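Protein chains in written order, with the UniProt record's numbering: chain A, 1 to 578; chain B, 1 to 197.
Note that these hints are calculated values from the structure, not bench results. Note that this is a predicted model, so its numbers are computed, not measured. Glycine included, each C-beta is placed from N, C-alpha and C at the ideal position. Be careful, since some hints might not be right.
As the list claims (entries may be wrong) - Subject to a maximum C-alpha distance of 27 Å in a straight line, what follows is the list of computed DSSO-like cross-link-like pairs (lysine-lysine):
1. A:Lys-547 with B:Lys-133
2. A:Lys-187 with A:Lys-124
3. A:Lys-326 with A:Lys-227
4. A:Lys-2 with B:Lys-165
5. A:Lys-330 with A:Lys-2
6. A:Lys-355 with A:Lys-484
7. B:Lys-133 with A:Lys-314
8. A:Lys-326 with B:Lys-129
9. A:Lys-319 with B:Lys-59
10. A:Lys-522 with B:Lys-165
11. A:Lys-522 with A:Lys-576
As the list claims (entries may be wrong) - Computed from the model, here is a short list of chain B residues facing chain A with C-beta under 8 Å:
12. Gly-13
13. Leu-19
14. Gly-25
15. Glu-26
16. Lys-36
17. Ala-57
18. Ser-62
19. Leu-79
20. Pro-103
21. Val-106
22. Tyr-111
23. Ile-159
24. Ala-162
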Amino acid sequence: MKMLLLGNWAVARGCYEAGVKVATAYPGTPSTEIIEAIAQYDGIYCEWAPNEKVALEVAIGAAIYGRRAICSMKHVGLNVAADPLFTASYTGINAGLLIAVADDPGMHSSQNEQDTRNIAKAAKVPVIEPADSQECIDFVKIGFEISEKFDTPVILRLTTRVAHSQSVVEEGQREEIEFEYKKDIQKYVMMPAMARPRHEFVEKRLKSLKELSETIEINKVEQGTQKMAFIASGIAYQYVKEAYPDAWVLKLGMVWPLPERLIKDFCSKFEKVYVVEELDPFLEENIKAIGINNIVGKEIFKLTGEYSPSFIKKAVETKEIEIPYKVEQKLPPRLPVLCPGCPHRGIFYVLSRLKDVIITGDIGCYTLGALSPFNAMDSCICMGASIGMAHGISNASDKKQKVIAVIGDSTFVHSGITGIVDAVYNGSDILVMILDNSTTGMTGHQDHPATGYTIKGQETYKLDLVALCKVLGCSVVEEINPYKINENFEKIRKLLAVSGVKVVIAKAPCRLHRRYKFTISKRYIDFEKCKNCKLCLRLGCPAISIKEKPTIDENLCLACGMCENVCKFGAISTQKEQ
Amino acid sequence: MKRGLNILVVGVGGQGNILLSKILGEVLLNTGYDVKISEVHGMAQRGGSVVTYVKAAEKVFSPLIDIAQADFILAFEKLEALRWLGYLKKEGTLIYSDYEIPPVSVITGAYEYPDVERILREIGVRAYKVEVKKLLSSLGNSRVQNTLMLGFFSRFLDIDEALFKKSIERNVKREFIEINLKAFELGRRIEMCEVEK
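Same shape as in the complex, but just chain B (with noise of 0.2 Å):
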């Protein structure tokens, strides 16, 4: 991995972005290289567009990822995933939730919810659409989409599954350290099928 491995996880403020960074990074760094997160908090924790960046490689300068410098971006929320998808290397990957969340500008109808699927077909990305919504109810569980993202994305690192959920157990609380593994588990399992193009 000697170029590196850029992650950008994206969501709504309370979606869990940031724990979910810390546990992959943290993965990142058992596995022996140099990791850097970035978070950003304060404003865009109340419902605003949020991005962390998780960076591994030999040597980590910056915490930031660049434009167009992302291998994966990671997608808890529809619309932001097309808001950073300028973010993903031309060979790079997009995974995104379908779970919803109309920003204000939407509610007031200001603004459409823009058909993301569509979107994508026509930019022609590389992507894969997680149905975390009709997962999560069969959990009983809405806040563990990270977890349940995580577990899906964990599929494509070469990277052995025991240091994910040991991962998890370090960072999530005591008492949904559980369902947050089970989350992870169910999203491991989810049948890959890439969003046409």
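So that you can see chain A by itself, here it is in the shape it has in the complex (with noise of 0.2 Å):
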């Protein structure tokens, strides 16, 4: 039956029908949907890890044991897991290994616009890139095939428009394939003497990849009518074909290694050939590496964002394209703000209010603190680092800078942890602050050690983070509402003043999770005792506007009750004004 499936589902089929039998992630847009779909199979065993590195290590385990594994991550999420995976590529695995890697151009929903294709290189492991979703249920099965006969985890790139794109697709059946384990450990330990031997086997594995890249049936050139060539990968092929449907075009589905005679036979066809990928001259630069010159490549095309037929048009003709309708005026923006009834509004609300304190930031919900109205937040990199830098922050100050760390219960797990040991073993005086939803608020609402429920919803040893932070050695560490606005604040005041690393933690779950049932009693404003000061609109909620004097959307609120603690003047209850 044809049906329509998002690209991620897609890839989770293809590991059903693949026999896949452990699959492992950490969550993060755009790849998050691929283990989550995964888990709705009977038959494989599905995890979410504290961090992209565990899981990978977990996958690495399973394929050298002689079961089919998958592992999938963000971009950002590879660099977490470079190290498992560089050496993984020296061991090879014995049933097969694939990584799915999501990249995100455009940045829908990420931190930096990396593109994988490099890492995979530079780890000297094959690239498959589908073009839509049934070539994500198809590649993976040719992955695996990939993997097994060339002993090497294989790398399956995504980008946001193929991961999170439905297209139609055919279902097959599932086959279940397993391989014997054999103790080896000239191939499975690396120590130098047996390491030597194993990077002699990658160099040799990348040369019979490139023989396999030269044949492979993905990797095939598409006839034109037009003398126009192209050459192209993954969603920048299919705004190729839109943009022009009768041109040559060689379409890789295999990126890495690449197929060098293939590319030249088919450059020595055209005057000019457009290579056209998203992000990174990684194609073209390797294309000029081989000797070939007739390639127009990043000379007209963008390094940054993502692409579009109109954008592939334009950049080859020079030609604008009309907007019939167009809006001269200038549109209010819609950033994305905390929902209506968010615990972290609390929190963010003290702290906008703190003086000549620096709050280094970290990766969810809780980085749109840094926006309007709040503006409570100094800087973000990535997963864990705010504990770092509150660190750093701190003794580059000799310690006379105040620095207020906040971080995630989920982020705090993957990789926030090391940075508490370390502020501690090096008597560090920072606060953080870990403003615990129970539960990966961004990504969906998925589970994680701290949460007690697995990816099935199981029930399962709960994390206990208090305890946990005392065993590192923080000098405080203390639970608060988060909801409790005037109180936090003082607490908070107070607590940087001790010395020590200081641990709080805002515990309250996020008021979307199903989980967390919430008494609803929905907040109203009393025109009469309104004074129409503006303070509750500084909570910056959507569900608060202000027409002449602020009022509550009766559809949005989620009941909270944070804007009736903000108010002087006793203007908001639940009383409804008749």
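Quick one: dock chain against chain with the hints and give me the complex.
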């Protein structure tokens, strides 16, 4: 049956059909749904790992044992997992190992725009790149075959528009595949004496992968009727086909190592060949490196952001597109905001009122604390970085500067714990605020070791963050209620004066999470009592807006009561005016 | 439909754009076309401006709808209708909800919420306004704006009503099927009145 399937769901389907036995990940947009979808299938062990490094190690273990395994992550997650990746390239696998990495050109939900192909090249592993959902299913199977035939991890590179687009697929049957485990320390124990010959193996493997790339059916020339020629892969291929349906296209499904003869042959037929690729000039530079010079790439196509058919047309033909309906007026921007009822709001409201404090941020919903109306964040680099940075700032200022690190519960487990260990060990004076909403919020409510539930929703040991921070040696560890704004302001101010690494866990579950039930008593504003001081607006709650005086949208209010807390005139209550 | 059908669904994160696109995409698939849908998750979910693309044709390549290429824009929020207007074809049609969700930039007073009707009149675009606020309160549920708008929009497509209902039943969680079907039917019965140019 033909059906529409999201690219990520199609990857999951491919894994199911390919007989995958172990699937691991840490959530990260745009890769998250892969493992969530795999968790729906029976017969596959599936888990949220605390971070991408651990996730990959789990998958490597499974593959070496002889069971097909997938590990998925977003591009920045591959940085975290780079350590095991580079050496798994040496050990090779036993049963197939696929690493699905989703890049995010355009940074719809990422802190940088990095190109995974560069890491794959550095780690000397092959990369395949599907261009729609059906290819996601097919390429997963091809990936496992390459992995097993060439004894290598394989990277399945996705980008946002493949991962998060739905297109038509036909589903197949599952095939069970198992390999026997054999102890082999020459292959699986990477100490210098064993690793040296494995490096020789890796270089030889790259040569045979190059040969595969010349003949594999996913690298193919699509004949055109026009004397225009393109080389493209992944979503860029779709943009080319839409912009120039009659052109010649060399579609690369296997983008590393490159099919050099195929490319040479293709390019020799044309005066000029356009290489279309989002992000880095990866194909372009590697094609030029084999002495082909009649290609046009980043000199006309941009290095940043997403492409589109019209962008390609415009670059090739240097022609502007006419827009029939133009809005001349500058429209109010609509940046993402903390949801109505979000517990983080109370913390950022307090932080925005502290003076002379530097606040280091982290990756998650709470990154939105950097935006108006709070503007309560000074930096945000990567997961877990807030604690290390706070420690660095504090010491760079001879501990004169007050610093607060904010981090989420999921992120803290991901890579915040080691930051605390460092800060305590080196006698830091920082305040760490764990904004614990008992879920991984930004990616859509995934569980983690401190929620007490697995990916299948089964109860498991619940990591106790208070006990953990105590045992790590923090001088103060306290839980607070983020909704109690006035109380928290005083508490945080006092704690800033205490020496050592102080940890405050602001604990209240995500208001949108289905697992937690909330008593719904919506708030209303009494216009008689309201003095129009607009203090409630400074909460930046999407449910509160102003016409003449502030009002609360009943449909949006999630009844957290934070606004009642900040109103000095008692104008906000659960009493609806008649 | 050789030339294809491009529909842009725009709104604010949380309004059900993705679900609506899925319902619509399946309807189009069941009428025999190749279909692609593109969506964005993550940051955009948190009350940001959200767009999903639904494309149908004999063969669809890019999942994106380009500037000036949409046959229809279906807007669940007024300001977002304006923001994405540049994607509409010259002969395209805008269908928008009268729902207003002021962004933080308006709440904090940095910007004013624009007079959408006036601007649309000035630009002179073919547009239909759906007064969802009234209709939603008659249904007693504010979460079904997407299927209500779909009901209205379905009249612009020459597709059997039953296909829409089947797709709603397949994609909506069981406990919400009934209310969504009700909203769809209500939307389908709304009086057609084009906004004056």
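Here's how the hints hold up against the structure:
1. A:Lys-547 with B:Lys-133: holds, 18 Å
2. A:Lys-187 with A:Lys-124: holds, 17 Å
3. A:Lys-326 with A:Lys-227: Violated, at roughly 35 Å.
4. A:Lys-2 with B:Lys-165: Status holds; Cα separation ~19 Å.
5. A:Lys-330 with A:Lys-2: This hinted pair is violated, its Cα atoms lying about 44 Å apart.
6. A:Lys-355 with A:Lys-484: Distance of about 20 Å is within 27 Å: holds.
7. B:Lys-133 with A:Lys-314: Distance of about 42 Å is beyond 27 Å: violated.
8. A:Lys-326 with B:Lys-129: Holds. Lys-326 (chain A) to Lys-129 (chain B) sits at ~19 Å (cutoff 27 Å).
9. A:Lys-319 with B:Lys-59: Since the Cα atoms of Lys-319 (chain A) and Lys-59 (chain B) sit roughly 26 Å apart, the hinted pair holds (cutoff 27 Å).
10. A:Lys-522 with B:Lys-165: violated, 34 Å
11. A:Lys-522 with A:Lys-576: holds, 9 Å
12. Gly-13: holds, 7 Å
13. Leu-19: violated, 12 Å
14. Gly-25: Since the shortest Cβ distance to chain A is 5 Å, the answer is holds.
15. Glu-26: Constraint on Glu-26 (chain B) satisfied, holds at 6 Å.
16. Lys-36: Given a least distance of 5 Å, the restraint on Lys-36 (chain B) holds.
17. Ala-57: Violated. Min distance 10 Å.
18. Ser-62: Status holds, d = 4 Å.
19. Leu-79: At 7 Å from the nearest chain A Cβ, Leu-79 (chain B) passes the 8 Å test, so the hint holds.
20. Pro-103: The hint holds - Pro-103 (chain B) has a Cβ within 8 Å of chain A, the shortest such distance being about 4 Å.
21. Val-106: holds, 5 Å
22. Tyr-111: With a closest approach of 3 Å, the Tyr-111 (chain B) hint holds.
23. Ile-159: For Ile-159 (chain B), the interface hint is violated, since the closest Cβ of chain A sits about 16 Å away, which is over 8 Å.
24. Ala-162: Given a least distance of 19 Å, the restraint on Ala-162 (chain B) is violated.
The structure does not agree with the numbered hints 3, 5, 7, 10, 13, 17, 23, 24 stated previously, though it agrees with the rest.
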